[in-house]
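Make a model of the complete structure from these sequences and hints.
Chains A and C are the protein sequences, given in the same order. Just so you know, we're using our numbering here: the first sequence kicks off at 1 and counts up by one. Just so you know, we're using our numbering here: the second sequence kicks off at 1001 and counts up by one.
Hints are not guaranteed to be accurate.
With the C-beta cut set under 8 Å, the calculated list includes, among others, these residues of chain A facing chain C [what the hints assert, rightly or not]: (1) 156; (2) 157; (3) 250; (4) 253; (5) 287.
Calculated from the structure, these hints are not laboratory results. Don't be surprised by glycine CBs; every beta carbon is placed ideally from N, CA and C.
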Amino acid sequence: MKTDAIVEDLLRRLAPQVLGVLVRRHGRFDACEDAMQEALLAAAVGWPEEGIPENPRGWLLTVADRRMTDQLRSEQARRRREDRVAAEVPADSSFAPAPGDDQSPEHDDTLTLLFLCCHPALSPGAQIALTLRAVGGLTTSEIASAFLVPEATMAQRIRRAKQRIKATGIPFSMPAEAERVERLRVVLHVLYLIFNEGYSASSGPDLQRADLTREAIRLTRAVHRLLPDDGEVAGLLALMLLTDARRAARTLPDGALVPLAEQDRSLWNGEAIQEGISLVTDALSRTPVGPYQIQAAIAAVHAEAARAEDTDWPQIVALYELLERISPNPVITLNHAVAVAMVQGPRAGLDMLDSLDGDDRIARHHRLDAVRAHLFEMAGDHAAALSSYRIAARRTTSLPERRYLETRAARLTERDRHI
Amino acid sequence: MKYMLLIYQNPAAFQALSEEERNVVFADVDTIMKELTESGEWIGGDGLADPSQTKTVKVRDGVPAVTDGPYLEAKEHLVGYCMFECENIERATEIATRWPDARYWAVEVRPLMSAAGTEM
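The following block contains the structure:
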């Protein structure tokens, strides 16, 4: 690794630890988070030149703490000028370490911070932005370019999220045992959304955005290290690794999407697949089953097939049946129908899709038309397939998906012309 | 999801509005822009110069022809656009219903295409 990369890696790992100490010392998550970002910036600029300090965590803490002190002082001065009592800073909140601050570097506030950033009082957009900044240590400008919005827009989302935390008095502490499962579910969902944002973007020239998958995997890995016995955390990590393993095969050099069945499997990342499979196998053998584990298991079945035609579809059908029982939703039904078609034939899959026509969540979604088109094509009903491909192509808001669907449609008309 | 709001207007009819009516239009736009900026939804936008300032360019058999005036003949024209990112189409439509031009002419809400996609 080059020095810059080593420094960046170290800073991103230390960011949540430093922020945790600051928040416990000063309260005020919003101001501490700004101070931490300034310290990260100072380090990112200084360390590659001057070398990494002997105690990098202590260095960051000192710099961030000084910023906090400066800020508190200037706020106090302003309050005095405004002739008001400086009540916000109690006399005993000295800038010396408070009890509990002098913990070992192994102590990790990552989880507590994740629970804070993924608090249900925040919108998903706010949860994502705040998680990437406060836990991931990304700058606002990096997050903005990852989500293709102006920096000012992202800065405002982060500012609002922090204001909301302040206004609602969300504490910096682990949620009570009773609500921890539900709160962890939100954290995992946010990590999943970050992963998906990066994964779906990795088809284009947006390498910046593809970094989001790496970041999501890094954060999920950190949560897995902290909660090794949680099967859903392991399941999510496995799902991400198994999905991301296909990255090199899922697009052509010009950005065109390649469906799973047509991917060059020699391009799949074997190492990630091995890790994903062993994670999900281990989780399924010793923890209660959950949706992420089942989805990872399905991805593992695909990954284990050397060729598309070797896929163990009956096992995939069984896994989808289980998934539909514990977490029913129309997208799962859609994928389930594809698996059923592979086992029982396209008509059986098409029959399953009919049940979705009355479901507002998916009835007008391009994925339903796209799956229907594929199954009609499999059944040899080219006229119906063509019409469904065209509807799907008009409904998607993704350029590569539209291109893929139009290409499938064009191939059908081309083929029929030659018969 | 990112959306573009396409704002249509009849420039001649807009000029015929009273000063007070026009001030209300401008004030409404300011209010919405401020709200969207504060909520972190605003991405950007601009007004367009009068349709009479348009050059329409056509290339046929490799030969460009440049004419003055808009491509489509109509009384209503695109006079501006803005982009925002919000949770869903309901919110996008709600923003559109408050855009003042919708009271006189019409605004269109169009989802933006994205370069992201997943394999099928």
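Structure-based check of all given hints:
no. : hint : verdict
1   : 156  : 4 Å, holds
2   : 157  : 3 Å, holds
3   : 250  : 5 Å, holds
4   : 253  : 15 Å, violated
5   : 287  : 28 Å, violated
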